[in-house]
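Got chain A; can you put chain B on it based on the hints?
These protein sequences, in sequence, are chains A and B. The first sequence begins at 1 in the working numbering and counts up one residue at a time. The second sequence begins at 1001 in the working numbering and counts up one residue at a time.
Keeping only pairs whose Cα atoms sit at most 25 angstroms apart, straight-line, the calculated BS3-like set for lysine-lysine is:
#1 B:LYS1092 / A:LYS72
#2 B:LYS1207 / A:LYS54
#3 B:LYS1372 / B:LYS1430
#4 B:LYS1217 / B:LYS1242
#5 B:LYS1430 / B:LYS1460
#6 A:LYS2 / A:LYS72
#7 B:LYS1415 / B:LYS1404
#8 B:LYS1208 / A:LYS54
#9 B:LYS1266 / B:LYS1242
Facing chain B, from chain A, some residues (calculated, C-beta under 8 angstroms):
#10 THR19
#11 GLN23
#12 ARG26
Because the hints were derived from the structure by calculation, they are not lab data. All of these numbers come straight from a predicted model, not from anything done at the bench. Where a beta carbon is used, it is the ideal one built from N, C-alpha and C, also for glycine.
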Amino acid sequence: MKMTRSELVELFEEFLQLTDRQQLLREELLQLQMFGKRATEERVAAQMEEQQAKLDEIERIRMQLMLPILEKLAAFIASVRPTSAAASS
Amino acid sequence: MLPPVPSPDLLPAVPSAGLSGPVLLLFPPQWTPQNPSFGLTSLGGHLRHKGLKTHLMDLNLRFYEEVLAPEHLLYCRELTRSRAEHLRNRCKFRLMFSVEGKHLERDAAHLLRLDELLERPEDPWEAAARGVEEALNCLRSREHFYEPARLVPSLVLLDEALDLAAAPYDTHLALNDFRATRYPLTVEAMEAATEDSWGNPFLGLMKKWLPELVACKPSMVALSISSFSQILAGLTLARLVKQALPDIHLTLGGNFFGRVADRLQKKPEFFELFCDSLVVGEGEVAFEQLARAVREGRPPEQVARVVTARGRGPLQPDPAVPLEELGPLDLADLPLERYFSPEPVICIQASRGCYWGLCSFCDSYWGVKLDKKSTPRLVAELQRLNELYGVRHFEFIDECLTPKDMADMARAIQKSGLAIHWFANARTEKGFLKVLRHLPPAGCSMLLWGFESASPRILKLLAKGVHPSERWRVLQASVAAGIWNFAYVFFGFPGETREEAEETIQGLCNNTDLLHSYGRSIYTLGRHSPMAQNPDKYGLSDLVEGGTDLSVNLTYTNHLGPDHEEVQQRVELCTRHCRQAYGDPLWMALRNRENLHLYLVRYGTQQIREWSLSPRQLQQASFQK
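So here's chain B without its partners, still in its complex pose:
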């Protein structure tokens, strides 16, 4: 039996005033199509809660569905043939008359890629078109999704199909990735890229969607862009909408643009081409106030956190609106059954900012005010999503929850009788020792620990505030509680020696019983990180804003090493050793944490740990490189 609906007074009150004409909230590709984005559900929820008519459109999901349609894949085959022929002629012509130019090398590489596909003995487009429907059904099926013999080949097939669709555009597309390396991240390059049908795989589809967006007759259009992989599609969409609806205020928000807003403010052409305003940082209240300002004809740049070419509003709304008072997540309008997952895993936030907030390498908490929801409010929101939409799985996207908050939350979930499952980020600090055993009974499947490096020296430089040996005790307690431990590690910290990198690899390989899985990345220098404020201390100099308007990371000279090639070698070494140490595990082929979470809930930690891929699956599965 479902638990009772939470008392309405635990959620913020809905004002009676409403505004006509919907705010059209769009989520552009590319992001994972397996679950709705947090930005969309959070902003949409808040706007609706404040009485603003809002229409949500997940154009990322639509993009994946249309790209994977069999007829689209067959179109891509014809496009590939046509482009290969064109590239061949172009290359021949340049070589024949010795007019090599800067494009020859790129054209030749593109042609080689297309020819490799066209020369395969079996037509790969035909094979993909035949298989996509079954593969998508598998991902969406509550039965077949949990059969690795079906799931792994389905994931592989979908990624192959996506790559076939991306190849004619000289881009790379997968379920979890999009890359278009031909365009630098500058406003000038984006101006060209957003109308370049040769290299922009989004343009054609977006032109097709445009009449539907216009037909919504929005009072304002907002695009949520949180990742690099959304820039090309997001700006393409923004430009098309701005051209089609020149009198409608168009704003861009999300984690990404807030970080580069100061640079973009100096580029009036960015605003002429793509948007009327940018929303910086926490968007919910800013979007709401911006929508009202637009309706009332007030200047947008007077709204807190809003940037236009003419100026910018204050950094914080006055009075500040606590997280507690934001509207709850709203999934209405979203076709939950069409996401590429048997059940949605919904991202939710219990707190904002990082309570530690001192790590030298990190700036993910930049511009975010530390705040949290009360436990009753949080549980009421979980309960609401469970009641209204049948959501049983959650991912807490908080930077990290304190041991006390996590304990309180677990206690309240248990008390509510809510049958949900979740995972979250955490810090390996001793406060968790007494908390961990209470988490699985409240539905915790997995904790994502910021392990980073096994080297005590590096750990100290990272200023993580955790003791090198104490954290192993925390991980042991987590295992004893039945929790899956996922470790974030990275390579290439300035001054990291080969031995220190190997220490991290050995830390994983020798402790597969404590660190059940890992995700590894490469160090980047965040613009707002403490290291960027004090580069000399870390052997860095010549910090440059990347030379690109849209880069959130800095380029720098690293006087202590390692260089790029050495870092790549370390990453490859890590994959090689870990595949062996972990015994070609199933989890490596599940692709993402949400899938792993669903498997953990279905089969339990122990079974997933022991589950290796069959030789056939091993051949098919593409591992992290």
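With the rest of the complex left out, here is chain A:
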């Protein structure tokens, strides 16, 4: 698999942005966990739904967006490894 340096960097940046998105969702979850205690009974169900939606979104980002990038990176690394090994031997 061939990739130019700039394509590689672009892929890294995309991956980092996805980790940032996950982090924001984790922080929103943390907020719900820390400040949700004061919620009234009727709000609890809504909060649980909200919490689940965020967990689902974190998982979706991981499965649908991050894993494909990691697969691309893995394929790239695998394709350049023999050359590196040959160079070092």
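Okay, now just chain B, sitting in the frame of chain A:
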């Protein structure tokens, strides 16, 4: 016994007409939470006085209270842990694949700061959460506030707690300060910053407050923004309110935006994102007329001092409204008992503008028409605040009062029997020689003198209009009268030599009996100062509007020196020498002038002068750096 209520005819008449739907007047963070802001009480007072239903909300105080709540501090600990982990992964990833990018350095610095907190042997969040309630009680207690052994550690603890709350956002927060260095002061950067939950510590709380603001059903929303430290929070709030109430006119006023309104007018995106209009300069009458124009469906840009993306009104209302006719300060709606002070110290204004108005470095009087209240009107206002809200302490925020006006005011206060205490700015001019002894009997605790520099050459360039040796006589007379002398000094005036800076430092150190305390700053070139109009004369060139839309100062090339590093060295030298000369004084740890004023009233000038910090307090107290 309290003095009689002033005759109502000394205050301007209240018109009977009223408008429905309140004007919602908001004061965003960050400002000191120790006292209500002048902008809020002055604007609110005038609008109400003119029959406009007005609701005041000090969101700065609310911000401090919520940030310092123990559960919020513990949330910040979890946030810090989570962010440190995220930053660590981000840094590792960048280093591993050599994709360093522009953010690596900033991320690494942020991570180091968070790790330093997380690796402390005692959990600092837990310690802060345990201590904040007692510290706040101390600041609010009429007993414990006056015990330095309690007050100094309380101030230190609160500042530490605030820094812990600010750390995950890579910002700095204290009782008297907020800094977010990651955002340049441009409209573009503010567009990103106001929705950046990573670096904006206000966003989450403000989203939480929004339903309450919307529920007020305002006819107009006005934000008072007077300082740099309020920009991020103020614009965040403005943007959220504008999104939530798109049909309600939102205006920004205060000392800050007036200075950059001409630049912002060329940026329609600023108005699309943050506000419908800006109020420039003296706001009271403009806000009132704007509120009426909005209600009546007239174009806001026809109102004097109002700027919109479509145009701007005249510079002055026609006819001009004198200061005398403005409504009195109004503290209703404000929870006075919740400010971080045992008693409120209320900012009040006897005059506008600067009667001298020639200092080369200064533009604080820019756009302000010289005007003053009559002495009976002023005293009636003091009396009203005393009667209605029990206010006993005042800070005159006038640029400077003339010796005659100050004498008249002191005489009238004494005659009224009003038991109040106050402090004010003044110029070291000989007119004060005969006045000073009459001030303490009328409640004057302290005068804040624009000393600036001890170098006669610099003083001449500053065009302060005071004689280098004569001013020492004024300071002596002030001491003889029992007044605390506070000196403003600054370093880094273009062409200031090291010797001249040392002259200023020696001026302080050798005269601790005349200059009881000082506040020092660094020279900046104000856009509207005389120096900016005539830069060649001062060795300045390449004046640039900062390259940032929201900067009120200019950047420049200083051909005469000193450079930034030299200025910093002078500032540090000043602190080092003065700490020694003043003997590690208590006043340095009291943090602000309002606290010092309260201590002066309680203990007197002499006792405060002699009061040094104990070795334990010295360890705890953070001094000016």
